[in-house]
Amino acid sequence: MELARLFTGVQKNDRGEFDALVHRSHRHAYNIAYRLTGNHADAEDLTQESFLRAFRFFDRYNREMPFENWLYRIMSRVFIDELRKRPKIQAQSLDQPLFLGDGGDADVLLEIPDSAFDPEQIMLSDALEENLQAALNTLPNEFRIAVILADIEGMCYEEIAETMNCSLGTVRSRLHRGRKQLRHRLTMAARCKSESAGQNSGRASGLFSGDSA
Amino acid sequence: MNCNKVSNLLSAFMDGELLGHEHRLIHHHLQSCADCRSEYEELLHMKRLLAAMRLREPGQRLAVSIVERVSLEGANPAAVDLGPWRVQVPALRANPLFFSPMIGLGVGLTFFGILLWSHPTRPPVEADGSHRSLVFELANPTRDEPPPRVQELTNGLMREAAPRPAAYEPRYPMEVPDFPLASRMRHPIPVRFVTAGMYR
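Protein chains in written order, with the numbering used here: chain A, 1 to 213; chain B, 214 to 413.
Read the hints as simulated data drawn from the structure, not as lab findings. Using N, Cα and C, we set each Cβ at its ideal position, and we do this for glycine too. Be aware that one or more of the hints could be misleading.
Said to hold, decoys possible - For the chain B half of the interface with chain A, some residues (derived, Cβ under 7 Å), not all of them:
{"no.": "1", "residue": "G233"}
{"no.": "2", "residue": "M259"}
{"no.": "3", "residue": "K260"}
{"no.": "4", "residue": "L268"}
{"no.": "5", "residue": "R269"}
{"no.": "6", "residue": "P271"}
{"no.": "7", "residue": "Q273"}
{"no.": "8", "residue": "A276"}
{"no.": "9", "residue": "V277"}
{"no.": "10", "residue": "I279"}
{"no.": "11", "residue": "E281"}
{"no.": "12", "residue": "V283"}
To be verified - Here are the computed lysine to any residue pairs in the SDA-like style, where the Cα-Cα straight-line distance is at most 25 Å:
{"no.": "13", "chain 1": "A", "residue 1": "K85", "chain 2": "A", "residue 2": "G154"}
{"no.": "14", "chain 1": "A", "residue 1": "K85", "chain 2": "A", "residue 2": "G169"}
{"no.": "15", "chain 1": "A", "residue 1": "K180", "chain 2": "B", "residue 2": "L232"}
{"no.": "16", "chain 1": "A", "residue 1": "K180", "chain 2": "A", "residue 2": "M164"}
{"no.": "17", "chain 1": "A", "residue 1": "K85", "chain 2": "B", "residue 2": "L275"}
{"no.": "18", "chain 1": "A", "residue 1": "K180", "chain 2": "B", "residue 2": "L275"}
{"no.": "19", "chain 1": "A", "residue 1": "K85", "chain 2": "B", "residue 2": "R282"}
{"no.": "20", "chain 1": "A", "residue 1": "K85", "chain 2": "A", "residue 2": "L168"}
{"no.": "21", "chain 1": "B", "residue 1": "K218", "chain 2": "A", "residue 2": "Q181"}
{"no.": "22", "chain 1": "A", "residue 1": "K180", "chain 2": "B", "residue 2": "E230"}
{"no.": "23", "chain 1": "B", "residue 1": "K218", "chain 2": "A", "residue 2": "K85"}
{"no.": "24", "chain 1": "A", "residue 1": "K180", "chain 2": "B", "residue 2": "N215"}
{"no.": "25", "chain 1": "A", "residue 1": "K180", "chain 2": "B", "residue 2": "L243"}
{"no.": "26", "chain 1": "B", "residue 1": "K218", "chain 2": "B", "residue 2": "D248"}
{"no.": "27", "chain 1": "A", "residue 1": "K180", "chain 2": "B", "residue 2": "R250"}
{"no.": "28", "chain 1": "B", "residue 1": "K218", "chain 2": "B", "residue 2": "C249"}
{"no.": "29", "chain 1": "A", "residue 1": "K180", "chain 2": "B", "residue 2": "A264"}
{"no.": "30", "chain 1": "A", "residue 1": "K180", "chain 2": "B", "residue 2": "R261"}
{"no.": "31", "chain 1": "B", "residue 1": "K218", "chain 2": "B", "residue 2": "L232"}
{"no.": "32", "chain 1": "A", "residue 1": "K85", "chain 2": "A", "residue 2": "D45"}
{"no.": "33", "chain 1": "B", "residue 1": "K218", "chain 2": "B", "residue 2": "R282"}
{"no.": "34", "chain 1": "B", "residue 1": "K218", "chain 2": "B", "residue 2": "H241"}
{"no.": "35", "chain 1": "A", "residue 1": "K180", "chain 2": "B", "residue 2": "R282"}
{"no.": "36", "chain 1": "A", "residue 1": "K85", "chain 2": "A", "residue 2": "D126"}
{"no.": "37", "chain 1": "A", "residue 1": "K180", "chain 2": "B", "residue 2": "L257"}
{"no.": "38", "chain 1": "A", "residue 1": "K85", "chain 2": "B", "residue 2": "L257"}
{"no.": "39", "chain 1": "B", "residue 1": "K218", "chain 2": "B", "residue 2": "L275"}
{"no.": "40", "chain 1": "A", "residue 1": "K180", "chain 2": "B", "residue 2": "G229"}
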């Protein structure tokens with residue numbers, strides 16, 4: 001029995017602590033998982049698997065590190081492992097057009113909802129948020145993780161480096177390139193949208209002029 | 214500082230992750246360079262959009278199902294029943310520190326076994342007895358005892374065969390029980406390295 005406990009590494013009193021951590025941090029963890037995977041089902045799977053792995057290695061958890069940071073480190077590994085197993089999550093390539101929605105105009109992709117620039121006050125439209133998520137899905141895994149941890153979770157570079165197990169310079173480079181690629185994707189999507197809108201209106205006018213002739 | 218260098222530091226500048234002098238340099242550059250300023254504003258915009266994304270809510274049962282799965286893991290760790298030496302398989306599988314050396318040991322033993330048993334049936338010996346392969350030497354540690362002098366039938370008369378070359382004279386006469394494994398393991402490997410050299 002002692003041997004078994006040694007191998008699982010989990011003491012009885014750890015269970016209570018772990019359950020409390022699950023209740024405290026599962027919502028935030030799910031949010032990060034959602035931004036990583038881009039859909040609800042995969043996000044719940046990723047969250048569950050990350051917590052389960054965290055439980056298995058709970059004896060190695062250094063209490064000086066915030067639990068969420070440690071969990072996100074596990075989550076990014078699980079995420080990359082799972083993607084390797086089933087590449088279908090990475091369905092969207094960089095060359096593929098983003099989902100542009102049915103209605104609305106191209107400006108929605110790049111709108112600045114509030115120039116006061118207080119993130120708390122910015123309300124994104126559903127279409128813009130969908131496009132942002134679609135653009136996130138096209139980023140390479142490492143860039144995506146870095147951008148999500150920095151801009152959605154609000155971690156500093158040191159925490160990201162610890163979470164992703166890389167140097168500060170790597171974090172800096174991944175973040176910069178990730179943000180630039182995101183911006184590029186959204187700009188391209190807006191351009192495609194305005195071009196297709198222009199073509200449609202051109203075709204419609206041609207049709208009408210043909211009728212009148 | 215040129216625009217290319219500044220461009221690479223803009224993200225870190227925006228996040229407040231630059232050292233004091235770097236921060237000041239970028240700050241001054243942005244005041245004078247419209248291109249870099251425009252790029253900076255785009256990055257800033259991107260960051261704000263991401264920060265403004267809504268917090269996604271999980272299903273109501275997520276926490277409960279995580280705790281349930283954790284309980285299952287704790288209560289039924291798929292233990293292999295080995296009597297008093299009960300070993301928990303998932304923990305072993307999950308622990309690379311324990312598992313990797315086991316794989317290494319297994320591969321090593323398998324390789325050594327193949328090396329020992331897949332030896333050639335005939336020794337690749339030249340006329341003077343040199344160039345025995347190491348594999349053969351390992352598998353057949355010694356042929357110290359002289360080959361039996363056979364009787365050859367020549368012209369209807371039995372006569373003794375010619376003696377073997379001197380290279381086959383016993384160097385290390387040893388009494389070894391006639392037991393296959395024991396005869397294979399008669400000499401430890403370093404000794405065979407030495408004796409292989411002595412056949413030359």
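Could you tell me which of the numbered hints above are not met by this structure, giving the numbers in increasing order? The structure conflicts with hints 1, 7, 9, 11, 13, 14, 18, 20, 23, 33, 35, 36, 38, 39, although it agrees with all the remaining ones.
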